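Participant: The primary structure of each chain is shown beneath.
Number of protein chains: 2
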Amino acid sequence: MNIFVKFLMVIMVLFSGCIDTNDNSVLEVNSEQFSDVLYQVSTINALMEGLYDGFIPVSDLLTHGDFGIGTFDKLDGEMVVLDGICYQIKADGVAYTVENVTTPFAVVTWFENDETYYLNDMNISEFESYFESKFPSKNMIYAVKLTGNFSKIKTRSVSPQEKTYEKLADVVKNQSIFEFENVSGTCVGFWIPDFMSGLNVPLYHLHFITDDRTAGGHILDFEINSVEASFDITPEFYVILPTSEEYYGMEFSDNLENDIKIVEKQ
Amino acid sequence: MNIFVKFLMVIMVLFSGCIDTNDNSVLEVNSEQFSDVLYQVSTINALMEGLYDGFIPVSDLLTHGDFGIGTFDKLDGEMVVLDGICYQIKADGVAYTVENVTTPFAVVTWFENDETYYLNDMNISEFESYFESKFPSKNMIYAVKLTGNFSKIKTRSVSPQEKTYEKLADVVKNQSIFEFENVSGTCVGFWIPDFMSGLNVPLYHLHFITDDRTAGGHILDFEINSVEASFDITPEFYVILPTSEEYYGMEFSDNLENDIKIVEKQ
Chain A
1 MNIFVKFLMV IMVLFSGCID TNDNSVLEVN SEQFSDVLYQ VSTINALMEG LYDGFIPVSD
61 LLTHGDFGIG TFDKLDGEMV VLDGICYQIK ADGVAYTVEN VTTPFAVVTW FENDETYYLN
121 DMNISEFESY FESKFPSKNM IYAVKLTGNF SKIKTRSVSP QEKTYEKLAD VVKNQSIFEF
181 ENVSGTCVGF WIPDFMSGLN VPLYHLHFIT DDRTAGGHIL DFEINSVEAS FDITPEFYVI
241 LPTSEEYYGM EFSDNLENDI KIVEKQ
Chain B
1 MNIFVKFLMV IMVLFSGCID TNDNSVLEVN SEQFSDVLYQ VSTINALMEG LYDGFIPVSD
61 LLTHGDFGIG TFDKLDGEMV VLDGICYQIK ADGVAYTVEN VTTPFAVVTW FENDETYYLN
121 DMNISEFESY FESKFPSKNM IYAVKLTGNF SKIKTRSVSP QEKTYEKLAD VVKNQSIFEF
181 ENVSGTCVGF WIPDFMSGLN VPLYHLHFIT DDRTAGGHIL DFEINSVEAS FDITPEFYVI
241 LPTSEEYYGM EFSDNLENDI KIVEKQ
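Order-wise, the sequence lines are chains A and B. With the first letter of the first sequence counted as 1, position 110 gets the number 110 in UniProt numbering; the numbers rise by one all the way through. With the first letter of the second sequence counted as 1, position 227 gets the number 227 in UniProt numbering; the numbers rise by one all the way through.
Bound conformation, chain A alone (with noise of 0.2 Å):
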């Protein structure tokens, strides 16, 4: 056999590998397959509760949305997902580009747009019931996003805490408080319906990060200047619930609806 038909050889075997008979097991995943899910780490009960260890690792919750809120492990800041980069705003205020941290809570998804409406001069009540007068029913979940700038905006972020750790009501009594005037940014986050309470933040939860990206944190109030707001319809949702001891031995408080409030508003 001459060397050419034994190199020809070697290449159809070489080759042969590629050609794949059997892709049963095999399936292709792409953005869009998976898009209209709400992807959620842990419950809002269990965070209330004081479980802020981390057990999933940033780097894999982007694998499943991009563009979401959150914490992270200890509680050491608030998260900002936004355009599939996770931003720790700390607190010193301070926003920082992050990857190889973990989260004990948090929500994200692959936004796509289905409404948009251009706001201007309203606070954040007037926005609440605007926007929530715009969806198309109570029953469903949205991704809220509003981008543009805000004659004011007040949030808050907390420190990374120490064992035993403290219910999250009373570590918000300790907060960082950032007010800012006349800043652009984007406001990331969801509504969520009343019968997914004990999972998730009935209706709205936001944080904001400013356009710069360097600063943000949980929002607890604003006024709108000039934003154009956006929802995503999110008919699906994945919950990853802890399998840690702690969890397992957890009781969750009756007064959960209160304290909520509490944790998200002051």
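No lab work stands behind these hints, which were simulated from the structure alone. Since the model is a prediction, treat every value here as computed from it, not as a measurement. Hints should not be assumed to be uniformly reliable.
Which copy is meant is left open, so a pair is good if it fits within one copy or across any two.
Each computed DSS-like pair below joins lysine-lysine, with the alpha-carbon atoms no more than 25 Å apart [said to hold, decoys possible]:
#: 1; residue 1: K167; residue 2: K138
#: 2; residue 1: K134; residue 2: K163
#: 3; residue 1: K163; residue 2: K138
#: 4; residue 1: K152; residue 2: K167
#: 5; residue 1: K90; residue 2: K134
Go by the hints and put chain B onto chain A.
Facilitator: Using the frame of chain A, we list chain B on its own:
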């Protein structure tokens, strides 16, 4: 350039297409990767309010689990999914194997036994408290399977409904009741933690099918003679919310907890 070199270049061009240097978009999927996930169609509060139009084909449902319960389009019978086969126990008490029908509410998982107990001579209350005492946590979801002999089982099924649909608590007033004595079969279902109420039936929700797969229904009561009782710890759940206009416009009962008790055990 001699013919050999040209040929080599052609081969290299062909071969290069096989080398996928960017496999970020391909994810291997097999059932093991998606075990420990409870896959749920719709919510119990929507079903309670009369959302009986099926919207997920059973053939689709069976790609998400081989074990579970639910109902069918128009509330036409009680569903048992066992060993990957879907059974429809109709109001005549007969179990039919089905695939080309839709479901408005169903809950399935890939059953993987975590712990097994051999139980004798227990009524339903004794079973419920004993088995719960074996769970590692009240904050977790469990798939529950009992296989063996029952001295008595009482089950029910319902007839297909016509619009305008009544609420489920009213439909079950006309349920068909079936009583079995000294029967062998399998109880299939779930134990759902309290914080998921509104989404799913809290605590136990079990259906039954005989060993010969000819009869069964939603369990109202039983007395165990001798069974193998297993649970599967299920730390993840995935819910598909309906997106019909009917669901969008629904108002959910404030009396859900009581209505569920009526529907589940009477």
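Participant: Taking the hints in turn, state whether each one holds.
Facilitator: These are the hints, each one checked on the structure:
Proximity of K167 and K138 under a CA criterion of 25 Å is satisfied inter-copy only: 20 Å between copies versus 30 Å inside one chain copy. Taking the closest pair of Cα atoms, K134 and K163 never come within 25 Å of each other, the shortest separation being 43 Å inside a single copy and 29 Å across copies. For the homomeric pair K163 and K138, the shortest alpha-carbon distance between copies (23 Å) is at most 25 Å, but the shortest distance inside one copy (39 Å) is not. Taking identical chains as interchangeable, the C-alpha atoms of K152 and K167 are never at most 25 Å apart, the minima being 29 Å within one chain and 48 Å between chains.
Taking the shortest alpha-carbon separations for K90 and K134, neither the intra-copy value of 33 Å nor the inter-copy value of 42 Å comes in at or below 25 Å.
Of the numbered hints given earlier, the model fails hints 2, 4, 5; all others are met.
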